[in-house]
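Construct the entire structure; sequences and hints are all you get.
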Amino acid sequence: MGVNRRKFLKIAGISTLGAAAVPAADALAMNPIEWLDKQLGGFTPSEILLHMGHKPTGLKPREALTAKRWAMVVNVRQLDEEIAEACRETCHKIHNVPDIKNPKHEIKWIWAEHYEHALPGQHHEHIDDVLKEAPFLVMCNHCYDPACVRVCPTKATFKREHDGIVLMDMHRCIGCRFCMAACPFGARNFNWKDPRLFLKEEDQNPEFPTRMKGVVEKCNFCAERLAKGQIPACVEVAQELCKKKGREPALVFGDLEDPDSEVRQVLRRHHSLRRKPELGTNPNVYYIV
Amino acid sequence: MYDGGKIIAGIIIGLIFLTFPIWFTHGKAVKRPEVKLPEKEKQCVQSREYMKTNHMQLLDLWRDSVVRVAQRSYVAPNGTKYDMSLQNTCMSTECHAKKTEFCDRCHDYTGVVPYCWDCHIPPKEEPKEKPEEMH
Chain A
-2 MGVNRRKFLK IAGISTLGAA AVPAADALAM NPIEWLDKQL GGFTPSEILL
48 HMGHKPTGLK PREALTAKRW AMVVNVRQLD EEIAEACRET CHKIHNVPDI
98 KNPKHEIKWI WAEHYEHALP GQHHEHIDDV LKEAPFLVMC NHCYDPACVR
148 VCPTKATFKR EHDGIVLMDM HRCIGCRFCM AACPFGARNF NWKDPRLFLK
198 EEDQNPEFPT RMKGVVEKCN FCAERLAKGQ IPACVEVAQE LCKKKGREPA
248 LVFGDLEDPD SEVRQVLRRH HSLRRKPELG TNPNVYYIV
Chain B
67 MYDGGKIIAG IIIGLIFLTF PIWFTHGKAV KRPEVKLPEK EKQCVQSREY
117 MKTNHMQLLD LWRDSVVRVA QRSYVAPNGT KYDMSLQNTC MSTECHAKKT
167 EFCDRCHDYT GVVPYCWDCH IPPKEEPKEK PEEMH
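Chains as they are written, first to last, in the working numbering: chain A, -2 to 286; chain B, 67 to 201.
None of these hints come from the bench; they were simulated from the model. Note that the structure is a prediction, hence the values are computed from the model and not measured. Built from N, CA and C at the ideal position, the CB exists for glycine as well. The reader is advised that the hints may include incorrect statements.
[Stated by the list, open to error] Partial selection, computed: residues in chain B whose CB lies under 10 Å from chain A: (1) Ala95; (2) Leu127; (3) Val132; (4) Cys185; (5) His186.
[Unchecked claim] Label-pair ranges, simulated between beta-carbon atoms: (6) A:Asp96 / B:Gln123: 29 to 39 Å; (7) B:His173 / A:His159: 28 to 38 Å; (8) B:Thr166 / A:Glu237: 36 to 46 Å.
Next up, the structure:
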């Protein structure tokens, strides 16, 4: 006699167990969500379905700068109005950030603040004169535990797992502004107006997109430049100007997880502060005052 | 049938109106759009047939690949690597340098309105000038 029902069920059961063993062992080694993320290569199940099962076929560009956790150090005493303005202007120019005068509608990726706004709670009336006037360059802190990412209902804003940059996927932003409410640093702006109305055609950088009315935007740690092997534009400009003025670099960029990186060396030498550390978002931008 | 004549006349007039788009344009099909292919570059990232039917899926994969997982290099079937970028690769001066002569031709014909250009900047094109008026 061939295979009867009893035998068939036995074989089917055993082979199911065998086939499931490898992924099961894999799954037990990590938590279920991590396991699912690994299977989907950073995509949601609906995205995989949308792509009919295709995962992106790209490669990381060979020239790209990589790190486990990108971080920036702002050495405030090396900054002055000129450097701060040069950083702001360069950043806004290459990223097509519109120049909107109305403060209710303005868009900014990087800007200068006074001490008491940059590091609230640390300020008192007798701080030294240099710090009183110093431009504290502030931007998105690319937090290690970003509040904006937790609240985003569409995963339009997300933390890149491989290097910690908090990015925005403009294709997904629905403009709900939860992230703006969540961000304790005011690093995000909403496009109340069509940004192209405030960006003359000759001022546009044709290599970078603009945004459209109804989306939120913020600093992207120059992800597009890192992919080409360049450091963020503000850091590059600030370092050039500091070199010209014979100062230590005002902005330093590097891998926080690499003990020999420039940021780690600078942090080892100086006492540094982070913005609103009590909120537990773990900012990756450090301030040396 | 009460008022039969009026009803039948009404139906006939109604039918004429309903079928108006069919017989009015009969035999006068709008010409199929002709896209202008790049002059210099002859090789796209995939075959012409694939691009004709699947360019939207390809671009969708590209954008997710670039934005979400930072995999920005596309390896074409012939091994060439391309920077996955609508603005900088597809629409570069070497390739589809004129949106109005490439994308728009088919999209207008088929009534497709992709929102790429709400954010992505199409290449600059000179305003259309009539050559005979130039002199």
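Status of the hints after comparison with the structure:
{"no.": "1", "hint": "Ala95", "in the structure": "33 Å, violated"}
{"no.": "2", "hint": "Leu127", "in the structure": "5 Å, holds"}
{"no.": "3", "hint": "Val132", "in the structure": "7 Å, holds"}
{"no.": "4", "hint": "Cys185", "in the structure": "4 Å, holds"}
{"no.": "5", "hint": "His186", "in the structure": "5 Å, holds"}
{"no.": "6", "hint": "A:Asp96 / B:Gln123: 29 to 39 Å", "in the structure": "37 Å, holds"}
{"no.": "7", "hint": "B:His173 / A:His159: 28 to 38 Å", "in the structure": "36 Å, holds"}
{"no.": "8", "hint": "B:Thr166 / A:Glu237: 36 to 46 Å", "in the structure": "40 Å, holds"}
Checked against the numbered hints above, the structure breaks only hint 1 and satisfies the rest.
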